[in-house]
Amino acid sequence: MANIVIDNIKKSFGAFQALKGVSLTINDGEFVSLLGPSGCGKTTLLRIIAGLETSTAGDVRIGEKSVIGLLPKDRGLAMVFQNYAVFPHMTVYENVAFGLRMQKADDARVKKQVEKAAGLLHIEPYLDRYPNKLSGGQRQRVAVARALAVEPGVLLMDEPLSNLDALLRLEMRTELKTVLQEAGTTTIYVTHDQTEAMGLSDRIAVVHDGRIEQVGTPVEVYNHPATRFVGGFIGNPPMNFITMPVTGGQVTAGAQQFAVPAQGGEIVLGLRGETVERAPTGQGLDMQVRVAEPMGSHLLLTGSILGQPARVILPATETVRNGETVGLTLDPKRLTWLSPENGVSYPAAA
Amino acid sequence: MTQNRSWIPYALILPSVVFLGLLFVVPLVQTLWLAVSDNGTPSLANMTTMVTDLNFGRSVLNTFLLTLAVVPIQIVMALTMGSMVAKMNGGRETILWIWTIPLGISDLAAGMVWLSILQNTGYLNSVLFGLGIIERQTAWLTYQTPVALFIGIAIAEIWRGTAIVMIIIVAGLNQVPKEFKEAAEIFGASPWTRFTRITLPLIRPALQSALILRTVLAFEVFAVVYALGGRNFPVLVGEAYNWQNQNQNYGVAAAYAVLIMVISLAATLVYLKAVKVDPERLP
Ligand SMILES: Nc1ncnc2c1ncn2[C@@H]1O[C@H](COP(=O)(O)OP(=O)(O)OP(=O)(O)O)[C@@H](O)[C@H]1O
Ligand SMILES: [Mg+2]
Numbered sequence: 004m005a006n007i008v009i010d011n012i013k014k015s016f017g018a019f020q021a022l023k024g025v026s027l028t029i030n031d032g033e034f035v036s037l038l039g040p041s042g043c044g045k046t047t048l049l050r051i052i053a054g055l056e057t058s059t060a061g062d063v064r065i066g067e068k069s070v071i072g073l074l075p076k077d078r079g080l081a082m083v084f085q086n087y088a089v090f091p092h093m094t095v096y097e098n099v100a101f102g103l104r105m106q107k108a109d110d111a112r113v114k115k116q117v118e119k120a121a122g123l124l125h126i127e128p129y130l131d132r133y134p135n136k137l138s139g140g141q142r143q144r145v146a147v148a149r150a151l152a153v154e155p156g157v158l159l160m161d162e163p164l165s166n167l168d169a170l171l172r173l174e175m176r177t178e179l180k181t182v183l184q185e186a187g188t189t190t191i192y193v194t195h196d197q198t199e200a201m202g203l204s205d206r207i208a209v210v211h212d213g214r215i216e217q218v219g220t221p222v223e224v225y226n227h228p229a230t231r232f233v234g235g236f237i238g239n240p241p242m243n244f245i246t247m248p249v250t251g252g253q254v255t256a257g258a259q260q261f262a263v264p265a266q267g268g269e270i271v272l273g274l275r276g277e278t279v280e281r282a283p284t285g286q287g288l289d290m291q292v293r294v295a296e297p298m299g300s301h302l303l304l305t306g307s308i309l310g311q312p313a314r315v316i317l318p319a320t321e322t323v324r325n326g327e328t329v330g331l332t333l334d335p336k337r338l339t340w341l342s343p344e345n346g347v348s349y350p351a352a353a
Numbered sequence: 132m133t134q135n136r137s138w139i140p141y142a143l144i145l146p147s148v149v150f151l152g153l154l155f156v157v158p159l160v161q162t163l164w165l166a167v168s169d170n171g172t173p174s175l176a177n178m179t180t181m182v183t184d185l186n187f188g189r190s191v192l193n194t195f196l197l198t199l200a201v202v203p204i205q206i207v208m209a210l211t212m213g214s215m216v217a218k219m220n221g222g223r224e225t226i227l228w229i230w231t232i233p234l235g236i237s238d239l240a241a242g243m244v245w246l247s248i249l250q251n252t253g254y255l256n257s258v259l260f261g262l263g264i265i266e267r268q269t270a271w272l273t274y275q276t277p278v279a280l281f282i283g284i285a286i287a288e289i290w291r292g293t294a295i296v297m298i299i300i301v302a303g304l305n306q307v308p309k310e311f312k313e314a315a316e317i318f319g320a321s322p323w324t325r326f327t328r329i330t331l332p333l334i335r336p337a338l339q340s341a342l343i344l345r346t347v348l349a350f351e352v353f354a355v356v357y358a359l360g361g362r363n364f365p366v367l368v369g370e371a372y373n374w375q376n377q378n379q380n381y382g383v384a385a386a387y388a389v390l391i392m393v394i395s396l397a398a399t400l401v402y403l404k405a406v407k408v409d410p411e412r413l414p
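These protein sequence lines are chains W and X, in that order. Whatever position you read off the first sequence (first residue = 1), add 3 for our numbering. Whatever position you read off the second sequence (first residue = 1), add 131 for our numbering.
For reference, chain W alone in the conformation it holds in the complex (with noise of 0.2 Å):
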């Protein structure tokens, strides 16, 4: 069983502290992404599991033993760097099959392995090149195939498809999904590119600043971000957050009146763009549109609600044009309420 417990990670370079206390647990077979910001701590962290870099604190323990204190190469893991670290000196073949060679497979399992990973990820007219003379998204499959030729229960990718054309990546992403589903591999995932995060994973990490703010299924982080930051930072365009009064623990939006979870003041209301619909005229959420954008598939709106900035999603059968208002119908399932003071959202209403 290769499941794994991060149990409460910290890690400072000098003054520096790059993770402040991150516990995650990922089940045998799952597939977790870690999803985040430039400099948050995702490379640190997936560093810190492979036993690459010392953590401050905290525990990692993999098939629940720690190993804390052991090499890299007793992990029974393996790894795609985020900068390939494909070897230079070695054809793509020899590459390929590094780690089974240091496992002293024979040449026919060798072979056998190669030929596989190397079909999966489209690299088999370079098996016999040097790296050297391959595009960076060459380069890159060919780590992916390494790690995959080991068949590890484990497997940590640091931006494994970042530099593929957008065609190639979502077939890669289709394919190392159905090939790691069915070896049952356990999968830690890097990326910040969040339509990968949503369709690989069983479930997403979203790391901020040295911290996981949100652990969950593609939808429940979608649907619910647990902070301003989860829900600014997934979805394009990114959750509305428009602050709005409260009275008697209602907030009113044109006709419509909603239950929130406080009695008076102000609270922020957390809306995806694609949820809403056009209201009738004089019932809705008033939005005065700045620029409406035809993208074919659908018509994107920006502008602002209640004097604060928003964008908005309509169905491209609609027209509006630039400087109307539109009243706007919330869907009083999918919206989030978050604390105007420490932008964390109340649980959902059940």
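Check the hints yourself; a few may be wrong.
Taking CB as the label site, the calculated pair distances span [said to hold, decoys possible]: (1) X:Gly222 / W:Thr57: 15 to 21 Å; (2) W:Thr57 / X:Gly361: 55 to 61 Å; (3) X:Pro158 / W:Thr57: 55 to 61 Å; (4) X:Val406 / W:Val8: 45 to 51 Å.
List of simulated lysine-lysine pairs, BS3-like, C-alpha gap at most 30 Å [to be verified]: (5) X:Lys312 / W:Lys115; (6) W:Lys68 / X:Lys218; (7) W:Lys23 / X:Lys309; (8) W:Lys13 / X:Lys218; (9) W:Lys114 / X:Lys309; (10) W:Lys76 / X:Lys312; (11) W:Lys23 / X:Lys312; (12) X:Lys312 / W:Lys119; (13) W:Lys180 / X:Lys312; (14) X:Lys312 / W:Lys136; (15) X:Lys312 / W:Lys13; (16) X:Lys312 / W:Lys114; (17) X:Lys309 / X:Lys407; (18) W:Lys107 / X:Lys407.
The set of hints was computed from the structure by calculation and includes no laboratory data. Cβ coordinates follow ideal geometry from the N, Cα and C atoms, glycine included.
Chain W is already provided as a structure; the job is to place chain X with the ligands on it using the hints.
Here is chain X with the ligands on its own, set in the frame of chain W:
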């Protein structure tokens, strides 16, 4: 536009070519001519004198033996030192600085340093005597103790010349991104495997430079040998020096100089072939 300016690079390197031509090629041609002529006519007399000289065979043998003993030890030591330094976090610069101190000492001075240690009244004898290991002053650097003399000279040469090899190798090691070693480590390579399968191949260019430089310098060994052994340990450059200054025979001295150059060029060629650097396999 740009095509019309193709002469610019040539113009820019012209001064250095002229400089080299005047100060290197002209003396080189003169030396070559000196070596293969006698009173202005072509002749192999100088070569014959050199080859039939009593000290010729010994000086060739000594120079080669010294090179064979010193260069491999220096390369291994430099690799070890470089790898150790690479693992250090703090104090790295200080250690490197200390290790390179011998570089700042002229080779004659280095010879004198070791002479003060190894001569009859030197520090080594004092220590050995103090410890009761020897009963009276022992001579290490005489004609009668060729092995001790050889070892003494080799140690002095190693002390003096390892730093330059180490600097080149440290520079090479610094060029290898740590991710290569880390990737190898993840995939199960032991420290020794990482060194032989990842580090060594990746520092090939540095290794090649270090080998060429160090070997050429080893064939030119002179001052350290002269200080420690005088003529008890004849080497090629020492012979050239003697023919030039003691015997005032410039022709035979030139013949030695040409021989040393030929050996150095041959060694360089061997290294270029043996430690091939394939640009395709570099990072
Ligand atoms: N060896 C180190 N020494 C000092 N600071 C470091 C070191 N490694 C990482 N950091 C710092 O720790 C923080 C987290 O770095 P990390 O590489 O984990 O970010 P990341 O989330 O992987 O970012 P990216 O998406 O850009 O790859 C950064 O601010 C970085 O500067
Ligand atoms: Mg990173």
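So, going through the hints one by one against the coordinates:
1. X:Gly222 / W:Thr57: 15 to 21 Å: holds, 20 Å
2. W:Thr57 / X:Gly361: 55 to 61 Å: Distance hint for threonine 57 of chain W, glycine 361 of chain X holds at roughly 57 Å.
3. X:Pro158 / W:Thr57: 55 to 61 Å: For proline 158 of chain X and threonine 57 of chain W the Cβ distance comes to about 59 Å; the hint holds.
4. X:Val406 / W:Val8: 45 to 51 Å: holds, 48 Å
5. X:Lys312 / W:Lys115: Measuring from Cα to Cα gives roughly 26 Å; hence the hint holds.
6. W:Lys68 / X:Lys218: The hint holds at about 29 Å.
7. W:Lys23 / X:Lys309: holds, 25 Å
8. W:Lys13 / X:Lys218: Holds. Lysine 13 of chain W to lysine 218 of chain X sits at ~23 Å (cutoff 30 Å).
9. W:Lys114 / X:Lys309: holds, 28 Å
10. W:Lys76 / X:Lys312: holds, 12 Å
11. W:Lys23 / X:Lys312: holds, 28 Å
12. X:Lys312 / W:Lys119: Distance of about 25 Å is within 30 Å: holds.
13. W:Lys180 / X:Lys312: holds, 28 Å
14. X:Lys312 / W:Lys136: Roughly 21 Å separates the two Cα atoms, so the pair holds.
15. X:Lys312 / W:Lys13: Holds - the C-alpha atoms of lysine 13 of chain W and lysine 312 of chain X are around 25 Å apart, at most 30 Å.
16. X:Lys312 / W:Lys114: Cα-Cα ~24 Å, so holds.
17. X:Lys309 / X:Lys407: Since the Cα atoms of lysine 309 of chain X and lysine 407 of chain X sit roughly 23 Å apart, the hinted pair holds (cutoff 30 Å).
18. W:Lys107 / X:Lys407: With Cα atoms ~28 Å apart, lysine 107 of chain W and lysine 407 of chain X stay inside 30 Å; holds.
When the structure is compared with the earlier hints, no violation turns up for any of them.
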